[in-house]
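*Asks:* Below, each chain spelled out in residue letters.
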Amino acid sequence: MRTSRREFMKWVSAGGISLSLSHLAAAEPVAFPARETLPGRGKLNPAIGGVGRVDGVAKVTGSKLYASDFRANDLPGWPERTSHAILVRAPDATHVYLGMDLARLSGALKPTVIVTAADLARINTRVPAYYEGDLFCPVGKTPLYMGQPVALLIFEQFDTYDRARMALRDGTFVQFGEETGPIVMPNYAAYRFTRVAGATPDAPDVYSPVLAGWVTPGRTQASALPVWSSTAHKNEAGYEKAAVYGDQIRAEIAASESSALVLDRTFDTQSVDPMFMEPECGLGWYSAKDKALELVLGVQSPYEATESIAFLLGETKAPFKPSAINAQFAYVGGGFGGRDHTPFIFYVTLAAIFFPDRPVRLAHDRYQQFQAGIKRHAIKMRSRMSVDRASGKITAFAADHVLDGGGLANFSANVATCAATAAIGIYDVPKVDVTTVAEHTRGVTAGSMRGYGSLQTMTALEVLIDEAALALKLDPIDFRRRNALKQDGRTMTGNPYIVSVRSLEVLDKLEQHAIWKQRAAEKARATSGILVGTGVACVTKDYGTGGDSSNGRVELSPDGRIAIFCDHVEMGNGIGTALANRVALHLGSIADEVAVSQVGVFDALELVTSGDCYTMDQKTQDKAEKDPRWVPSISSATSASIGAHVGTHAAAEAARVIFRFGLWPAALALWNIGPRDPRAKDFTKAQWKDGQLTMVGLPSLPLAKLAATAHARNLVTGAVAHGFSRWSWARARFPINGEQYRAEIDGLALRRGAGKFTRINRASVLFPPTDNNRMGTAYTAACGATVRVEIEKATGVLRIAKAYTAFECGQALVPEVVIGQAQGGFAMGVGYALLETLPPFEGGPGNGQWNLGQYLVARGSDLSLRDVEIELMPPLTPDELPKGMAEVVMIPIVPALLNAIHDAIGHRFAALPVTQAMLKGALA
Amino acid sequence: MRAETRVKTLVVVATLGMSMLTAYAAGQGASKGLASPESFNGIADINARSAAIFTELGKVLTHPRCVNCHPAGDMPRQGDARRLHQPPVTRGPDGHGTAAMRCNSCHKDANFEPGRIPGHHEWHLAPREMAWEGKTVAEICAQIKDPARNGGRKVEDLIDHIGKDTLVGWAWAPGYGRAPAPGTQAEAGALVEAWAKTGAACPG
Amino acid sequence: MTTLGITINGQVHAPTEVRDDLSMNDFLREYLGMTGTKFGCGAAQCLSCVVIVDEPDGTCHTNPTCVTSAASFHGKTIRTVEGHAKNGELSPLQKAFIRHFAFQCGYCTAGFLNEGQVLLEQMAKTPVPRAGLEERIAEALDGHLCRCTGYFKYHEAVLDVILSDAKRYLIQESRG
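In the order they appear, the protein sequences are chains A, B and C.
Heads up: the first sequence runs through residues 1 to 924, numbered per the numbering used here.
Heads up: the second sequence runs through residues 1 to 204, numbered per the numbering used here.
Heads up: the third sequence runs through residues 1 to 176, numbered per the numbering used here.
Wrong hints could be hidden among the right ones.
[To be verified] Pairs of lysine to any residue residues, derived as SDA-like cross-links and limited to a Cα-Cα distance of at most 20 Å, are as follows:
| hint | chain 1 | residue 1 | chain 2 | residue 2 |
| --- | --- | --- | --- | --- |
| 1 | B | Lys135 | A | Thr795 |
| 2 | A | Lys793 | B | Gly73 |
| 3 | A | Lys43 | C | Arg99 |
| 4 | C | Lys125 | B | Ala99 |
| 5 | C | Lys76 | B | Ala99 |
| 6 | A | Lys920 | B | Arg83 |
| 7 | A | Lys802 | C | Glu156 |
| 8 | A | Lys43 | C | Ser91 |
| 9 | A | Lys110 | C | Arg19 |
| 10 | A | Lys920 | B | Gly73 |
| 11 | C | Lys76 | B | Asn104 |
| 12 | C | Lys76 | B | His121 |
| 13 | C | Lys76 | B | Ala100 |
What the hints contain is simulated information worked out from the structure, not anything from laboratory work.
Between the sequences and the hints, there should be enough to build the whole structure, so can you do that?
*Replies:* Now the structure itself:
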């Protein structure tokens with residue numbers, strides 16, 4: 001099924017034209033793209049010399065950057081006044097929704113427009129499949145989940161809105177009738193991952209997901225959980241095969257209880273909120289005459305957001321159907337996954353569509369953000385492990401995971417599979433069987449959040465490993481080392497990693513660190529009334545999703561200034577600076593115009609797509625790729641730690657093309673090197689030094705001179721590139737200047753001199769095989785932590801005395817940013833282990849009453865800031881590509897803390913968080 | 001049939017309304033009352049009567065609205081769940097906060113309802129010697145009578161302090177999301193007066 | 001309605017009538033369009049919303065704006081993040097935040113800048129000993145929540161500003 005670019009959506013992006021905006025007078029609003037393109041031509045650029053970020057100046061001066069900063073009068077061409085909307089949500093999901101107490105919003109509090117389910121039905125909106133579920137709960141139905149919206153109230157005036165929201169906040173505005181109990185929905189997903197290794201490491205696996213495909217149990221009855229056993233009524237053949245092996249593994253574990261160490265443990269993790277600092281917000285304006293919908297949003301998935309909004313309105317009745325949608329995307333105040341694929345964007349859109357000609361702002365306050373924002377899945381895990389006593393080797397592992405997916409499906413299926421395939425962490429286990437099911441509940445929707453399921457399962461694992469080591473009287477690090485997967489070893493899905501596997505190095509670092517070495521001595525010298533313990537943990541986390549795409553556009557001006565456009569998002573991750581640094585490797589200089597979260601500036605590629613890149617079969621892909629414009633997916637969300645590896649890839653490749661076909665021929669011309677001179681092909685030997693291109697025996701050439709020459713000679717001065725990765729990059733050939741240029745991209749457009757971008761038809765392409773979808777992951781980065789804690793017996797107060805984490809991420813594009821992320825990950829891990837928790841259902845945030853008084857996130861005083869050491873290991877080889885690390889750095893501190901607590905007090909907690917009250921209780 | 005259903009629905013709505021409200025909107029609803037001094041007249045022994053009156057007053061003194069700012073330590077508590085105050089604040093040298101975080105940075109002269117924040121121009125922590133957190137009503141009684149620990153007051157002074165002081169009075173009009181102290185300030189004052197007049201005995 | 005007359009970043013704003021129930025945060029962000037001051041929680045628990053209040057006696061302190069009425073700022077002189085740089089020149093603290101990569105998403109940065117600036121000015125008025133300096137910084141900043149950074153580099157940046165200009169901020173040990 002091939003679709004062309006949807007007809008009703010024309011990209012009228014102001015971004016394409018206003019890049020070189022000169023400084024405007026203060027009275028005139030600066031165009032949005034100019035605000036978001038940083039640092040800006042002629043402005044101070046801290047990234048030069050590596051002394052700051054490209055967005056550094058903007059962020060310390062309070063410049064308008066975030067979606068929540070913008071009002072209508074900040075946007076040129078928009079009407080002056082901003083109106084405001086309230087999204088009314090149901091704080092109950094077990095009673096029939098009857099309507100709203102609108103009587104309390106009369107007179108000075110009256111909304112101008114109210115939008116309900118009936119209105120959406122009337123205008124024929126469509127909900128994209130991913131977001132299936134009523135956008136508004138209709139009257140007469142029980143809400144699907146706590147916090148499900150029931151209506152939009154739109155207020156012309158801010159003052160009316162400000163007063164009205166006071167009348168709504170106690171939750172009684174939304175009225176309910178009879179009790180029905182919660183809505184029951186089928187599970188979002190269920191999978192079983194089984195692997196049986198061959199007799200020797202080199203022998204093929206007897207059974208694995210990579211060989212057999214992923215399997216799902218049948219839905220043969222309407223029960224809460226599937227029937228997993230191989231004897232289930234009416235299993236499909238594919239599933240049954242896995243189940244036979246899986247059941248056998250479990251039987252073997254049970255049978256080995258007398259001879260081996262067998263541990264059978266549960267571990268429960270809690271729901272938490274990403275608690276990014278900027279609540280979700282958006283601005284919309286629908287100009288009825290032009291049928292043009294303008295949006296300003298802050299999301300992690302700009303392309304998906306635009307597509308989804310287009311789908312929402314794709315068949316709406318006039319006058320509710322725009323003929324053009326211009327969505328612009330702002331910097332975001334934190335994301336952590338919580339701004340990836342959230343339904344919030346639909347409500348911004350609807351507010352604009354139902355309030356034509358008047359810009360509307362929809363913003364969550366923090367109570368609403370807690371009520372509605374995407375949460376981390378709470379997971380109940382039961383894990384069984386058998387360890388051979390003589391060798392200390394794990395012979396088999398089985399686990400059952402049940403995830404609370406909350407009210408909407410969102411990413412639950414993916415999180416479940418990611419959690420499952422991470423369940424054996426850094427270890428090489430020849431027999432593994434993991435079942436996972438993600439349930440619908442009436443709680444707040446769970447979706448993408450830093451760690452994406454693997455945080456939960458690897459925490460449980462590293463606690464189990466700790467217990468096993470102690471039971472076997474083996475050194476905890478030595479036990480891990482014995483069982484660690486080596487470079488060529490196979491993961492749970494049956495494939496090896498294709499990047500470096502460095503968990504052994506991380507284990508060495510942990511073992512050699514003073515915190516670990518001094519653990520006995522520190523315990524011995526504990527002061528009276530204080531219990532001291534040390535813990536360790538080592539994990540490895542995938543980055544990438546197996547279907548990632550990257551768009552990058554780079555332009556070189558005649559005076560040597562560089563502009564970069566990228567589809568990935570800045571949420572603190574420093575993508576702008578990473579882009580500038582990576583492009584500088586090819587073009588010698590740091591860009592002074594970096595525009596991120598871009599959607600509409602890659603049109604020159606004329607890309608088309610179809611199908612689902614994650615589930616497509618080889619035949620379909622082979623057929624589709626014959627169209628030189630076809631790619632398996634156009635643009636990815638910024639998630640899965642892909643900013644460095646994926647987000648900067650296309651821009652780097654575009655820069656490489658500019659160098660090869662623009663600056664290099666310009667250099668040859670300036671050096672008077674003719675085409676038959678052998679040095680003409682020596683482009684890999686040239687090096688950038690301080691903004692000058694150098695080659696042995698030749699004069700250095702400054703970038704500005706090269707750029708001027710390239711422009712004057714109509715050489716390539718700009719490129720747009722697209723890349724796709726399914727655990728390896730797609731590769732293609734493009735005819736340029738009479739040669740076949742090969743690169744790890746699948747789409748390319750070039751600009752010569754001051755001309756327009758024109759697409760180059762790819763001559764051939766090699767997409768990664770669809771079978772790669774059977775891998776759980778092929779990319780990984782390792783991180784370990786060791787921590788010493790001091791627990792006050794009388795009170796249960798825990799203090800982190802010292803902590804150390806070590807991690808590797810290939811080439812760090814911006815080392816300071818990477819360290820910063822590791823520090824932030826440490827803090828978030830501490831909060832997750834010790835402080836943060838959200839009760840499910842009625843006592844939880846779905847009731848609309850939660851804020852930071854109840855939800856405790858780590859403060860500086862919780863973290864022992866001067867006693868935390870973070871080590872960024874150098875890349876394994878100088879040319880090792882960047883790896884994603886933003887998630888892995890949050891993980892090991894969590895089990896390390898639990899293991900330290902056990903070491904201190906002799907009690908092993910089997911659930912999170914471990915709060916002061918719980919410690920006090922355990923000590924009593 | 002339809003009328004019955006409607007009645008049933010309304011009844012359920014009302015019931016639901018009540019249960020929904022108690023958890024977090026108690027500030028809006030009616031609080032439990034305080035017994036009047038006269039209602040203790042049935043207790044013949046004057047000491048026992050006095051102690052019983054104080055025990056009734058104890059419902060006010062041990063209520064979160066009071067205990068949250070009469071903490072045992074140096075940090076106030078917050079809310080009906082009595083959690084530690086967020087953001088973290090400490091009493092500082094004068095009970096009005098540290099230099100970086102004065103109480104009146106946030107807590108102004110009156111409740112600010114849009115911010116759901118309580119206020120009074122005297123907002124501060126009770127001195128350490130007036131801590132009630134974790135104490136029994138009997139212990140609070142002994143403390144509240146002791147001039148060394150009650151700010152040098154005679155028992156009679158407590159009548160106006162509890163019955164009329166406006167900071168104390170805030171406990172009965174605490175703003176959204178906070179349950180008011182039981183009864184009314186006048187009722188509490190009356191209990192103090194009756195307790196004082198019956199010899200200010202403490203429960204055993 | 002109440003009259004609000006206020007000086008912001010040295011600019012005197014003509015008295016205007018504001019609703020009693022208008023928060024200072026909304027006054028800055030909705031009425032004046034000064035969105036450098038952020039909204040994080042609306043409950044004074046994250047302190048993204050604080051501004052600097054300059055007292056007549058020359059001292060200053062931060063003040064949340066989300067739980068306080070605009071009216072309560074009548075007659076006051078305040079500074080917001082937009083006012084730290086003078087004539088395009090960033091303040092030492094702003095430069096230090098950049099240099100140290102102190103922030104990531106940047107949403108809490110205005111609050112940290114205001115708090116740090118107040119601390120620096122207090123120390124400049126009344127220098128403190130070197131001993132216990134890190135604790136002082138930690139105590140001053142602890143009310144501010146950050147979700148990206150773990151606070152490490154914010155503290156380092158403030159410390160760097162102080163130690164780089166020790167004569168101004170620290171009690172100088174006399175060598176006798």
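*Asks:* Give a verdict on every hint.
*Replies:* These are the hints, each one checked on the structure:
1. The straight-line distance between the Cα atoms of B:Lys135 and A:Thr795 is roughly 18 Å, inside the 20 Å bound, and the hint therefore holds.
2. Between A:Lys793 and B:Gly73 the CA atoms are separated by roughly 18 Å; this keeps the pair inside 20 Å, and the hint holds.
3. With a CA separation close to 16 Å, the supplied pair A:Lys43 and C:Arg99 stays within the 20 Å bound.
4. With a CA separation close to 14 Å, the supplied pair C:Lys125 and B:Ala99 stays within the 20 Å bound.
5. For a cut-off of 20 Å, the pair hint linking C:Lys76 to B:Ala99 stands: about 18 Å separates their Cα positions.
6. About 16 Å separates the Cα atoms of A:Lys920 and B:Arg83, which keeps this hinted pair within 20 Å; it holds.
7. Note on A:Lys802 and C:Glu156: the hinted pairing holds, with a Cα-Cα distance of about 18 Å set against a maximum of 20 Å.
8. Taken as a hint, the A:Lys43 and C:Ser91 pair is honoured in the structure, with Cα atoms around 16 Å apart against an allowance of 20 Å.
9. Between A:Lys110 and C:Arg19, the direct Cα distance comes to roughly 18 Å. Compliance with the 20 Å bound is thereby established for this hinted pair.
10. Distance restraint check for A:Lys920 and B:Gly73: the Cα-Cα separation of roughly 18 Å lies within the 20 Å cut-off, and the hinted pair is therefore satisfied.
11. Only pairs whose Cα atoms come within 20 Å are accepted, and C:Lys76 paired with B:Asn104 is accepted, the gap being roughly 15 Å.
12. Pair hint C:Lys76 plus B:His121 holds up; C-alpha atoms about 17 Å apart against a cutoff of 20 Å.
13. Taking the CA atoms of C:Lys76 and B:Ala100, the gap is near 18 Å; set against the 20 Å cutoff, the hint holds.
Hint violations for this structure: none, all hints satisfied.
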